[in-house]
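> Below, each chain spelled out in residue letters.
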Amino acid sequence: MTTIDAPRTSAARTRRGVNLEKWGWMYMRASGVVLVVLIFGHLFVNLVAGEGVKQIDFAFVAGKLSDPFWQVYDTLLLWLALIHGANGMRTLVNDYVTKPRVRSALLFALGASTVVLLILGTLVIYTFDPCPVGADPELVASFCSSL
Amino acid sequence: MPAKVAGAGASSSSAPLSVPAPRPPVIAGTLYRGREGMWSWVLHRITGVAIYFFLLVHILDTALVRVSPEAYNIVIGAYKTPIMGLGELALVGAILFHALNGLRIILVDFWSVGTRHQRALFWTVLGVWAAMMIAFTPRHLIAVFGG
Ligand code: HEM
Numbered sequence: 000m001t002t003i004d005a006p007r008t009s010a011a012r013t014r015r016g017v018n019l020e021k022w023g024w025m026y027m028r029a030s031g032v033v034l035v036v037l038i039f040g041h042l043f044v045n046l047v048a049g050e051g052v053k054q055i056d057f058a059f060v061a062g063k064l065s066d067p068f069w070q071v072y073d074t075l076l077l078w079l080a081l082i083h084g085a086n087g088m089r090t091l092v093n094d095y096v097t098k099p100r101v102r103s104a105l106l107f108a109l110g111a112s113t114v115v116l117l118i119l120g121t122l123v124i125y126t127f128d129p130c131p132v133g134a135d136p137e138l139v140a141s142f143c144s145s146l
Numbered sequence: 000m001p002a003k004v005a006g007a008g009a010s011s012s013s014a015p016l017s018v019p020a021p022r023p024p025v026i027a028g029t030l031y032r033g034r035e036g037m038w039s040w041v042l043h044r045i046t047g048v049a050i051y052f053f054l055l056v057h058i059l060d061t062a063l064v065r066v067s068p069e070a071y072n073i074v075i076g077a078y079k080t081p082i083m084g085l086g087e088l089a090l091v092g093a094i095l096f097h098a099l100n101g102l103r104i105i106l107v108d109f110w111s112v113g114t115r116h117q118r119a120l121f122w123t124v125l126g127v128w129a130a131m132m133i134a135f136t137p138r139h140l141i142a143v144f145g146g
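Quick mapping for you: the protein sequence lines, in order, are chains A and B. Numbering that gives the first Met the number 0 applies: residue 0 is where the first sequence begins, and numbers increase by one. Numbering that gives the first Met the number 0 applies: residue 0 is where the second sequence begins, and numbers increase by one.
Every clue listed holds true.
Below, simulated PhoX-like cross-link-like pairs (lysine-lysine); rule was C-alpha separation at most 25 Å, straight line:
{"#": "1", "chain 1": "A", "residue 1": "Lys53", "chain 2": "B", "residue 2": "Lys79"}
{"#": "2", "chain 1": "A", "residue 1": "Lys63", "chain 2": "A", "residue 2": "Lys53"}
{"#": "3", "chain 1": "A", "residue 1": "Lys63", "chain 2": "B", "residue 2": "Lys79"}
For the chain A half of the interface with chain B, some residues (derived, Cβ under 10 Å), not all of them:
{"#": "4", "residue": "Arg28"}
{"#": "5", "residue": "Gln54"}
{"#": "6", "residue": "Ala58"}
{"#": "7", "residue": "Gly120"}
{"#": "8", "residue": "Glu137"}
{"#": "9", "residue": "Leu138"}
{"#": "10", "residue": "Val139"}
Quick look at which bits of chain B chain A covers, simulated, 3 or more residues with Cβ under 8 Å:
{"#": "11", "region": "38-52"}
{"#": "12", "region": "71-78"}
{"#": "13", "region": "84-92"}
{"#": "14", "region": "95-104"}
{"#": "15", "region": "126-139"}
Treat the hints as calculated values from the structure; they're not laboratory data. No residue lacks a Cβ here, since even glycine has one placed at the ideal position from N, Cα and C.
Just chain B, same shape as in the assembly (with noise of 0.2 Å):
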């Protein structure tokens, strides 16, 4: 974007006005959207109302045990498919992130200066995360796939 242009309607024989660049266009700062604080956000509801619904599928599927040993066992042998085992990644991954994040939100509400970190706050949130998938991912596909 050229940050000199010639000052409107001024006539080609005056000097090139100098006028600042026009701020990009992007929406950020003053308000809570675009860039960190919104995909937090938006995670955080995504993985909130995802793990909501898996939690009734559990506790129902949990509640078998006081059907019959069989009953329990036949819809938990479910859980060791392959790709149950793929989504039991995806909701693991969810969880530790809505758990992260949470804490995130905790602290950017009661810390002092949280606000004023709480975007180094989200990039550890991820950092955290991502060590924490790196080191649960094998154990699971190992679980799943191999002995």
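Looking at chain A on its own, in the form it has when it is part of the complex (with noise of 0.2 Å):
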């Protein structure tokens, strides 16, 4: 005998385990909300307060990136909006892609790029020398002669 599902019998699981899209979706909004106060910030320090657009050169960036303080903030943003960008072109992908192998092929260089950049990104911030040696004493951050 056919039986019809009772109402409201909540849709049968077709696959075990972890729901990816889910988390994905999750993903979306968590960053979403810690990306809002970062980029503001962000936009705020480097663009509207000092001298805005103009104060921004090496030795601006030397003297964020030697604080502790900036080298977690810019490998959260670093982190955070990348895989909150990709994984939204992921999206548009899935929708407007519809050739299996144009697809793959796609969703492979948006991975590709986002691992390398990530470490690339992460690598300049842990890496980076303020005080390069030999560097034009002009360029750098003021403190450098001090050292």
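Two chains, two frames, a set of hints: combine them into the complex.
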């Protein structure tokens, strides 16, 4: 006898295990809330405070990146924003690219570029030398002369 | 559009029949298409993609601090030109919209009455966005074009 499920019976779970799409969805929202704070702070410190965009040069960045606070801040910004953006782009690829091989190629390129840029950016933050040997003293941070 | 039409095929001698006016040809209400909800989505998508591509470039230009002070200063100097200054204005506008509208999406998803107020929330996003742009635009243009 065929039966009809009682109303409000939850849909059968066809797949077991972690629901990655759900966690991706949660990640977009959780990272979004943190990114609002981090990005607004980033824009304020670099573009609004002080002399705005004109103040940005090697010495300015050196001053920030030799402070552990900004190292952690920029690392969080890099990882949260790039993974959020890449996961958002994954949604767009899945929405608009219907040819399976093109879609796989694009998703692979997206993942690969994300990994490369995360490694590159993190290395830059932690291997950065604010006072490179032999650099023009005019271009480096003022504290370099007292070393 | 006439609210009253003669009944189709009715003889001209019969009393005019009152027929409700046809619904305006706007698809809204039952479908997620048209009006505030759609524009919120369209703008969120476009700004998300734009910010993503800027982030890719921005990680690479910042990585030049690891190359040399000269290399970094030359490339970052491009951000201080008038054309790029206007581009930064557009970029900040896109980021602010995406951030505020992202918070709206999160409220619609998690706030018990968020869906009911999604339309008002969209106008709130536009209002806060306009206020922030009015504050940021002169500050940035002075940095780019002025002293
Ligand atoms: C400023 C804080 C931000 C907030 C609050 C935010 C919030 C969100 C939310 C809630 C979504 C929707 C996800 C979904 O529908 O499942 C989303 C999508 C997206 N975000 Fe963000 N985001 C922020 C920053 C960024 C940044 C920095 C980037 C780029 C690197 C970015 C790129 C994207 C993209 C490409 C999408 C996909 C758009 C779509 O599916 O239509 N977002 N964002």
